[in-house]
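Quick note, the sequences are listed as chains Y and C, same order. Read in full-length UniProt numbering, the first sequence has 26 at position 26, and its numbers run on one by one without any break. Read in full-length UniProt numbering, the second sequence has 51 at position 51, and its numbers run on one by one without any break.
These aren't lab readings, by the way, just hints derived from the structure by calculation. Check before you lean on any hint, since a few could be wrong.
No farther apart than 30 Å at their CA atoms in a straight line, the calculated lysine-lysine pairs in the DSBU-like style are these [what the hints assert, rightly or not]:
#	chain 1	residue 1	chain 2	residue 2
1	Y	K185	C	K38
2	C	K40	Y	K107
3	C	K40	C	K12
4	C	K70	Y	K185
5	C	K70	Y	K184
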Amino acid sequence: MSKKLKIGLQIVSFFLYFGLIGAALQCLTPLGSLLQLFSGSAANDILHDSDYLVIGNHAHLSATTISHFPEVPYGICTTIGSALLGIGSLYVTWALLQIIANMNRGKYFTVENQHCIKNILISLGFFCGATTFLAAANQMTESYLFRTNVGYQAATWSDIGSYLFLIIVVGLIYTVFNQALSMKKEQDLTI
Amino acid sequence: MIKITLNVVMAKRNINTGELAKLVGITPANISILKTGKAKAVRFSTLEKICQVLDCQPGDIMVYEPDPFKSVEE
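From just these sequences and the hints, can you work out the full model?
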């Protein structure tokens, strides 16, 4: 391994450890969503949250409009969405850290790395699911409260397409990696 | 399937894995892989050296045995 690559990997793994902490904290956000769901304060919280921007001239909403906001479906969507996002983030960060650790040990085409790529693929599936639920929640805030989420849980329907494309790309890499691994196994067993 | 009979020839020549590996120029682990039938392929150069050291033909260290449960199409 070249010196530049080694330094690069060390920097990436350093930031990934921060990402891992962030992902662990992300796993706590569904609790906040659940709390919001049971307290029934979702609509008021959205209206006073800086993460939500006003669409058009709807800065002030009537009490009737606010009361029509589907708090329960919104709460369920954000809880499931943020839970999937947290699990996916933990999965992908841990898998990347393991791949980098294996690369530092000079292990490239190994079964462990194969599992890590598979875990990345699974986590992208989690992200896709999370985006679907969060986009649905965002759609509710846009349609009922005329507010769009621009915070860390901002998701739109088009984001699902991006994740699907990523799943295809990583899926292709996983297939090629599997083929390379089986070729390496055969090479190792050639006397 | 190809059945490896290297251990039979080795026993006849009274040579152990370590000695054969040293004479052939490969690791004892590779000889072991070959003996246990785990090898996926054998290089012509390795086969030539084994035959040279053991003074035998390739057919002495490996034989073809038809598998009754496997068809040609597979």
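Here's how the hints hold up against the structure:
no., hint, result
1, K185(Y) x K38(C), "holds (11 Å)"
2, K40(C) x K107(Y), "holds (22 Å)"
3, K40(C) x K12(C), "holds (25 Å)"
4, K70(C) x K185(Y), "holds (23 Å)"
5, K70(C) x K184(Y), "holds (26 Å)"
The structure meets every hint from the earlier list without exception.
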